[in-house]
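So the sequence shown is numbered by our numbering: it starts at 2 and just counts up by one.
These aren't lab readings, by the way, just hints derived from the structure by calculation. Only a predicted model underlies this, so the values are computations on that prediction, with no experimental measurement involved. C-beta: ideal position from N, C-alpha, C; glycine also. Warning: the hint list may mix true and false statements.
Subject to a maximum C-alpha distance of 30 Å in a straight line, what follows is the list of computed BS3-like cross-link-like pairs (lysine-lysine) [stated by the list, open to error]:
#1 K81 / K64
#2 K80 / K168
#3 K64 / K80
#4 K136 / K168
Taking CB as the label site, the calculated pair distances span [as the list claims (entries may be wrong)]:
#5 P29 / S155: 36 to 42 Å
#6 I148 / P29: 35 to 41 Å
#7 S172 / G114: 22 to 28 Å
#8 F17 / K72: 20 to 26 Å
#9 T121 / K64: 32 to 38 Å
#10 R152 / K80: 20 to 26 Å
#11 S69 / K168: 35 to 41 Å
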Amino acid sequence: MKILKKTAGIILAAGFASRMGKTKQLLPFQGTTLLGRVAGNAARSELDEIIVVLGHDADNILKTIDFSGMKTIINKDYKKGQSDSLVKGINAVSPSCAGAMFLLADQPMVTAGIINRMITVFQASDAPILIPFCKGCRGNPVIISRILFPRLLSLSGDTGARVIFDKYKDSILKINFETDAVLLDVDTPMDYENILARSFSGN
2 MKILKKTAGI ILAAGFASRM GKTKQLLPFQ GTTLLGRVAG NAARSELDEI
52 IVVLGHDADN ILKTIDFSGM KTIINKDYKK GQSDSLVKGI NAVSPSCAGA
102 MFLLADQPMV TAGIINRMIT VFQASDAPIL IPFCKGCRGN PVIISRILFP
152 RLLSLSGDTG ARVIFDKYKD SILKINFETD AVLLDVDTPM DYENILARSF
202 SGN
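Generate the whole structure from the sequences, applying the supplied hints.
Laid out in structure tokens, this is it:
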């Protein structure tokens, strides 16, 4: 019997949305907030543990969103860039987890079903990096195997994991989705309006 690989989920939610001009993690969405929906989708998925990395406006976020059952980390150095939050998230992953999925706080349309499909493929694959694609475009969330954690821990600045993707591009397993939910994020007020319209329409 094959032993299933445990997967951690790391929600990167530390940054300040300069183009939004406010704490986008707390923007209303479907009866909760953007980050609340992301955390809820993760909680309903088959992730074995969930780590939330906060930074900007962390106190208000903790007062507003219920992170019960999740590890929360406050990154006081979030202004150093996303890589710093990524490293802090990796350091919190349990030793029993074989890999980590990186979820973005502004992608509330990434459902538990999408997360579970990524996990299922990870279970059956030896690929060190799994990335969702839609219509040829790279999306999120991504899964990175523990074998690359040392590489991730050496990252700095605001490049995130992109430098790792470039270095190991021939080892990436692409997972194709028909839904563009893996591409949709909220960086601007227009993005927010569009994603609200999508959620109300049921698409």
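Tested hints:
1. K81 / K64: holds, 25 Å
2. K80 / K168: Holds: K80 and K168 sit about 25 Å apart, inside 30 Å.
3. K64 / K80: holds, 22 Å
4. K136 / K168: Distance ~23 Å between K136 and K168 Cα, so the pair holds.
5. P29 / S155: 36 to 42 Å: Check passed, 38 Å falls within 36 to 42 Å.
6. I148 / P29: 35 to 41 Å: Given range 35 to 41 Å: holds, Cβ gap about 40 Å.
7. S172 / G114: 22 to 28 Å: Check passed, 26 Å falls within 22 to 28 Å.
8. F17 / K72: 20 to 26 Å: holds, 22 Å
9. T121 / K64: 32 to 38 Å: holds, 35 Å
10. R152 / K80: 20 to 26 Å: Holds: the Cβ-Cβ distance is about 23 Å, inside 20 to 26 Å.
11. S69 / K168: 35 to 41 Å: holds, 37 Å
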